[in-house]
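Engineer: Just so it is clear: in the sequence shown, position 68 is 68 by the numbering used here, and no numbers are missing.
Be aware that one or more of the hints could be misleading.
Stated by the list, open to error - Computed beta-carbon distance windows for the label pairs: (1) PHE45 - ARG153: 42 to 48 Å; (2) ASN133 - GLY165: 30 to 36 Å; (3) GLU179 - GLY32: 40 to 46 Å.
Stated by the list, open to error - Below are the DSS-like pairs computed for lysine-lysine, each with C-alpha atoms no more than 30 Å apart in a straight line: (4) LYS7 - LYS143; (5) LYS194 - LYS231; (6) LYS103 - LYS198; (7) LYS60 - LYS74; (8) LYS7 - LYS23; (9) LYS60 - LYS7; (10) LYS71 - LYS103; (11) LYS198 - LYS44; (12) LYS103 - LYS74; (13) LYS231 - LYS63; (14) LYS91 - LYS152; (15) LYS231 - LYS103; (16) LYS74 - LYS44; (17) LYS103 - LYS23; (18) LYS91 - LYS63; (19) LYS44 - LYS60; (20) LYS71 - LYS91; (21) LYS44 - LYS63; (22) LYS143 - LYS23.
Treat the hints as calculated values from the structure; they're not laboratory data. Where a beta carbon is used, it is the ideal one built from N, C-alpha and C, also for glycine.
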Amino acid sequence: MAISESKPIIVALIIGRGNNTLKNKNILPVMGRPLLQWGGLAAKFSNYIDYYYVSSDDDKILKVGEEIGFKSIKRPDELALPTSQSSDAVKHALNFIEGDIGKIDILIVIHANVGTITTQMLDSCIDLLMNNNYTSVIPSHYKYEYHPRRAKRINADGTLGNFVGSDTEYISANRQELEPCVFFDHSFWVLDVKNGVKSENGQYPWPVMGNRIFPFITEGCFDVHDLDDLKRTEEWLIENGVRYE
Numbered sequence: 001m002a003i004s005e006s007k008p009i010i011v012a013l014i015i016g017r018g019n020n021t022l023k024n025k026n027i028l029p030v031m032g033r034p035l036l037q038w039g040g041l042a043a044k045f046s047n048y049i050d051y052y053y054v055s056s057d058d059d060k061i062l063k064v065g066e067e068i069g070f071k072s073i074k075r076p077d078e079l080a081l082p083t084s085q086s087s088d089a090v091k092h093a094l095n096f097i098e099g100d101i102g103k104i105d106i107l108i109v110i111h112a113n114v115g116t117i118t119t120q121m122l123d124s125c126i127d128l129l130m131n132n133n134y135t136s137v138i139p140s141h142y143k144y145e146y147h148p149r150r151a152k153r154i155n156a157d158g159t160l161g162n163f164v165g166s167d168t169e170y171i172s173a174n175r176q177e178l179e180p181c182v183f184f185d186h187s188f189w190v191l192d193v194k195n196g197v198k199s200e201n202g203q204y205p206w207p208v209m210g211n212r213i214f215p216f217i218t219e220g221c222f223d224v225h226d227l228d229d230l231k232r233t234e235e236w237l238i239e240n241g242v243r244y245e
């Protein structure tokens, strides 16, 4: 997205389901605040974001978002199943948002179970999207130990074979020699609405990102799945000096 001279309309959207293995994980306390409020407050202090919404099937999540100024979008049950696709939830929310305030240009999707987000990260990604021909900017990290060239598939007889390429194709055992490989940390997504969310040719499994996805390299960011992750989130916030009064 290369933005014109007119100011783009930018919206932050927190998304989170209520039905999780760790009960109420999105609103469990971290340093005195519900988890989802850390990412939400990072957005509230952004230099760019104009509007704020939260999408969930869970009234408790919606209420916690409302406490910091995020307008509620009640997600239908069919989009809140363990098998539901996050892209579908984003499109549902976008329809609500544009029905509420009109067409928007950039949508910042913040995952409710992530606290390792800063305002500087959000604004840096927004800058990248506004000044380049990308359809999205996504926080990503290098994970060479999980490189697809090292992955194995389980064959019908229970033995292993290479997941990518033939079993006899040479692949270096030195991971530093492999082609650079990144994975999304799923803290937040910065999306071009016209060319990303609404495009018909986005990359799966998250087609709302479009097909010109740019990685914003991060270290140490992660989503919360268990109580240990909550403790790690607290440590990360302290180490990075993140505080909101």
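Engineer: Confirm or reject each hint.
Structural biologist: Okay, the hints, checked on the actual structure:
no., hint, verdict
1, PHE45 - ARG153: 42 to 48 Å, "holds, 45 Å"
2, ASN133 - GLY165: 30 to 36 Å, "holds, 32 Å"
3, GLU179 - GLY32: 40 to 46 Å, "holds, 44 Å"
4, LYS7 - LYS143, "violated, 36 Å"
5, LYS194 - LYS231, "violated, 38 Å"
6, LYS103 - LYS198, "holds, 12 Å"
7, LYS60 - LYS74, "holds, 11 Å"
8, LYS7 - LYS23, "violated, 41 Å"
9, LYS60 - LYS7, "violated, 34 Å"
10, LYS71 - LYS103, "holds, 17 Å"
11, LYS198 - LYS44, "holds, 25 Å"
12, LYS103 - LYS74, "holds, 20 Å"
13, LYS231 - LYS63, "holds, 24 Å"
14, LYS91 - LYS152, "violated, 34 Å"
15, LYS231 - LYS103, "violated, 39 Å"
16, LYS74 - LYS44, "holds, 21 Å"
17, LYS103 - LYS23, "violated, 36 Å"
18, LYS91 - LYS63, "holds, 22 Å"
19, LYS44 - LYS60, "holds, 20 Å"
20, LYS71 - LYS91, "holds, 16 Å"
21, LYS44 - LYS63, "holds, 17 Å"
22, LYS143 - LYS23, "holds, 29 Å"
Hints 4, 5, 8, 9, 14, 15, 17, counting from the list given before, are not met by this structure.
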